[in-house]
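Asker: As you go down the protein sequences, you meet chains B and E in turn. Going by full-length UniProt numbering, the residue at position 90 of the first sequence is 90; the numbering climbs one at a time, nothing skipped. Going by full-length UniProt numbering, the residue at position 21 of the second sequence is 21; the numbering climbs one at a time, nothing skipped.
In case anyone wonders, no lab produced these hints; they're calculated from the structure. Even glycine gets a Cβ: it sits at the ideal position worked out from N, Cα and C. Among the hints, erroneous ones may be present.
Below 27 Å or equal to it, Euclidean Cα-Cα: the simulated DSSO-like pairs (lysine-lysine) are [stated by the list, open to error]:
#	chain 1	residue 1	chain 2	residue 2
1	E	K79	E	K15
2	E	K16	B	K211
3	B	K160	B	K61
4	B	K113	B	K178
5	E	K16	B	K65
6	E	K79	B	K206
7	E	K7	B	K292
8	E	K65	B	K206
9	B	K178	B	K161
10	B	K211	B	K143
11	B	K125	B	K161
12	B	K143	B	K125
13	B	K65	B	K160
14	B	K379	E	K16
15	B	K211	E	K7
16	B	K161	B	K61
17	B	K113	B	K133
18	B	K30	B	K161
19	B	K191	B	K271
20	B	K211	E	K79
21	B	K113	B	K143
22	E	K16	B	K292
23	B	K245	B	K30
24	B	K294	E	K16
Some but not every residue of chain E turned toward chain B, in silico, with C-beta under 10 Å [unchecked claim]:
#	residue
25	Q8
26	K15
27	A18
28	E22
29	A24
30	D29
31	D30
32	I32
33	T35
34	S40
35	F41
36	D42
37	P59
38	T68
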Amino acid sequence: MIEFNMPSLGADMEAGTLREWLVKPGDKVKRGDIIAIVETQKGLIDIEVFEEGFINRLLIKEDEKVPVGTLMALIADGKEEAIKPALPILEKEAVKEKVIEKITPVTIPRTVKASPLARRIAVEKGIDLTTIKGTGEGGVITKEDVEKAIAPKELLPAEKKPTATENIRMAVAAAMSKSNREIPHYYLQTKIDMSHALAWLAEANKTRTIKQRLLPVVLLIKAVAKALTEVPELNGYWQNGFQQKSDINIGFAISLRTGGVMIPAIHNADKKTPDELMQALNDIIPRTRAMKLKSSELSESTITITSLGEGNVELVYGVIYPPQVALVGFGCIMEQPWTEHGMLDVRPAITVTLAADHRATDGTTGSRLLMAINNHLQKPDML
Amino acid sequence: MTETEVKQVVEQLLKKIAPDTEPANLQPDDDIRHTLEIDSFDALQFVVALDEHFGIDTPEEDYGKITTLRNLVNYIMQKTSEPGYHK
């Protein structure tokens, strides 16, 4: 039997709330199927399954909040005997997010002097009339008296649910604090001549419809991905030692318009053509901004790229997204004085920085990566 | 199409790209992308939307001609009045 647990969708995630099961016991699932929707600080995330089999039991109820790693469902992988009949969801103790407002029935003693309307409102709103001093004739409690009593009660701040923006802020805060606390960063930087890459791009875009046009960032992503095939020591996680990853999944930092950053993964970026990378961005950027991502996109990046785009900011010293061991940062492309073979020229140039985990690698490894990125950007037709 | 109509459509399309901003408050000579904090990806989506709406073709080398509301509106007016323009 395969255990399906609440996945960790980033170093900052401690718990998730199951919002919806998209499967029921007996359903067949295969790798990549979305079987649940879980709410995290990063929005509603489609949770994929990575095994094949039949759903045996669902162990968590919808709207339950459970810590990362909690068993959520059992999936029969076919090695067991016949699938058992569907069982009801097990009762489990868990943090319930929904708090049902308790309404205490109110009875009004006959001795209380109150107008009929005041009585009716008091019953509807659950106000104890014996606690109210009447201001009507002969001390009778009026409608106004009851309303005054209700007002402060309703004004009490209801348990404030953080907004999506606040949630993202907290998620970024948690991940970046962890990074700064635990990862001894080292930084390297170099300048790269972008004239060949931009010339190639301008030519390439002439033959493309506007919807197919490439942005310079796809060349940067591809150059980093190819460089990582040569310097794989920077592609992986630090978890009880360095674990190199064979897939190169580029986490691409996307800033949200309302503040905060999300880093969805572009899977196997080294194997994608620039056009395929552009398609991936066209798909992933709007979904990130709408906070509609899949679990694999949030949890499988092996390195992060942050690109400042256009805006005249020259360079960025990044903060590594744990448990990754490196982050490549690109400033904006700007015209700069450039010397080559003793001649002075003006070229479009970009400053690339590497922030890397000194537990996993040293500066010589980092230098090799930056040199490899440079080499690839000088041969854009090979990207 | 009048200049005011073109301006209204441009503002609507910008609002779709940057819903948290007020494109109607743009001054004619404000740099659109800078003022509304539109990144290169969204800028491309905006040009796609313009081309689709007005039935024009904006080559990459013309991006420099559409940086402000004033020159963008002029650009569209000119493109849509060219002989051979069919929406």
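Asker: For each hint, tell me whether it holds in the structure or not.
Answerer: Hint-by-hint comparison with the structure:
Taking the CA atoms of K79/E and K15/E, the gap is near 23 Å; set against the 27 Å cutoff, the hint holds. Simply put, K16/E and K211/B have alpha-carbon atoms about 17 Å apart, close enough for the 27 Å limit, and the pair holds. Between K160/B and K61/B the alpha-carbon distance is near 24 Å, which keeps this suggested pair within the 27 Å criterion. Pair hint K113/B plus K178/B does not hold up; C-alpha atoms about 62 Å apart against a cutoff of 27 Å.
Of the pairs offered as hints, the one joining K16/E and K65/B is violated, with about 34 Å between alpha carbons and a cut-off of 27 Å exceeded. Restraint check for K79/E and K206/B: satisfied, since their Cα atoms lie roughly 19 Å apart, inside the 27 Å limit. About 32 Å separates the Cα atoms of K7/E and K292/B, which puts this hinted pair outside 27 Å; it is violated. A distance of roughly 17 Å separates the Cα atoms of K65/E and K206/B; the hinted pair therefore holds under the 27 Å criterion.
Between K178/B and K161/B the CA atoms are separated by roughly 25 Å; this keeps the pair inside 27 Å, and the hint holds. For the hint pairing K211/B with K143/B, the CA-to-CA distance comes to about 64 Å; that exceeds 27 Å, so the pair is violated. For the given pair, K125/B sits about 23 Å from K161/B by alpha-carbon distance, which is consistent with the 27 Å threshold. Only pairs whose Cα atoms come within 27 Å are accepted, and K143/B paired with K125/B is accepted, the gap being roughly 12 Å.
Between K65/B and K160/B the alpha-carbon distance is near 17 Å, which keeps this suggested pair within the 27 Å criterion. Of the pairs offered as hints, the one joining K379/B and K16/E is violated, with about 37 Å between alpha carbons and a cut-off of 27 Å exceeded. Using a Cα cut-off of 27 Å, the hinted pair K211/B and K7/E holds, with the two alpha carbons roughly 23 Å apart. With a C-alpha separation of about 21 Å, the suggested pair K161/B and K61/B falls inside the 27 Å cut-off, and the hint holds.
Between K113/B and K133/B the alpha-carbon distance is near 10 Å, which keeps this suggested pair within the 27 Å criterion. Annotation: proposed proximity of K30/B to K161/B is violated, straight-line Cα distance about 36 Å (limit 27 Å). Between the alpha carbons of K191/B and K271/B the distance comes to roughly 26 Å, so the proposed pair stays at or under 27 Å and holds. Between K211/B and K79/E the CA atoms are separated by roughly 19 Å; this keeps the pair inside 27 Å, and the hint holds.
Restraint check for K113/B and K143/B: the C-alpha separation of about 12 Å stays at or below 27 Å, so the hint holds. At roughly 18 Å between alpha-carbon atoms, K16/E and K292/B fall within 27 Å of each other, so this suggested pair holds. Taken as a hint, the K245/B and K30/B pair is honoured in the structure, with Cα atoms around 23 Å apart against an allowance of 27 Å. Restraint check for K294/B and K16/E: the C-alpha separation of about 24 Å stays at or below 27 Å, so the hint holds.
Hint on Q8/E is violated. Least Cβ distance to chain B is approximately 22 Å, over the 10 Å limit. Of the supplied interface hints, the one on K15/E is violated, with its beta-carbon coming no nearer than about 12 Å to a beta-carbon of chain B, more than 10 Å. Annotation: A18/E was flagged as interfacial toward chain B, and the flag holds, the nearest CB pair being 7 Å apart, inside 10 Å. For E22/E, the suggested interface contact is broken, since its CB lies about 13 Å from the closest CB of chain B, more than 10 Å.
At its closest, the beta carbon of A24/E sits 18 Å from a beta carbon of chain B; the interface hint therefore is violated under the 10 Å criterion. Because the closest C-beta pair between D29/E and chain B is about 19 Å apart, greater than 10 Å, the hint is violated. The interface hint given for D30/E is broken, as the beta carbon of that residue sits about 16 Å from the closest beta carbon of chain B, more than 10 Å. For I32/E, the interface hint is violated, the least distance from its beta-carbon to any beta-carbon of chain B being 13 Å, above 10 Å.
Hint status for T35/E: violated, given a least beta-carbon distance of 13 Å to chain B, over 10 Å. Among the interface hints, the one on S40/E holds; its C-beta lies about 5 Å from the nearest C-beta in chain B, closer than the 10 Å criterion. The closest approach between the C-beta of F41/E and any C-beta of chain B is roughly 5 Å, which is under the 10 Å cut-off, so the hint is satisfied. Below 10 Å, beta-carbon pairs count as interface contacts, and D42/E has one with chain B at about 8 Å; its hint therefore holds.
For the restraint placing P59/E at the interface with chain B, the shortest Cβ-Cβ distance is roughly 8 Å, inside the 10 Å limit, so the hint holds. Here the hint on T68/E is broken, as its CB sits about 16 Å from the closest CB of chain B, past 10 Å.
Hint violations for this structure: numbers 4, 5, 7, 10, 14, 18, 25, 26, 28, 29, 30, 31, 32, 33, 38, all remaining hints satisfied.
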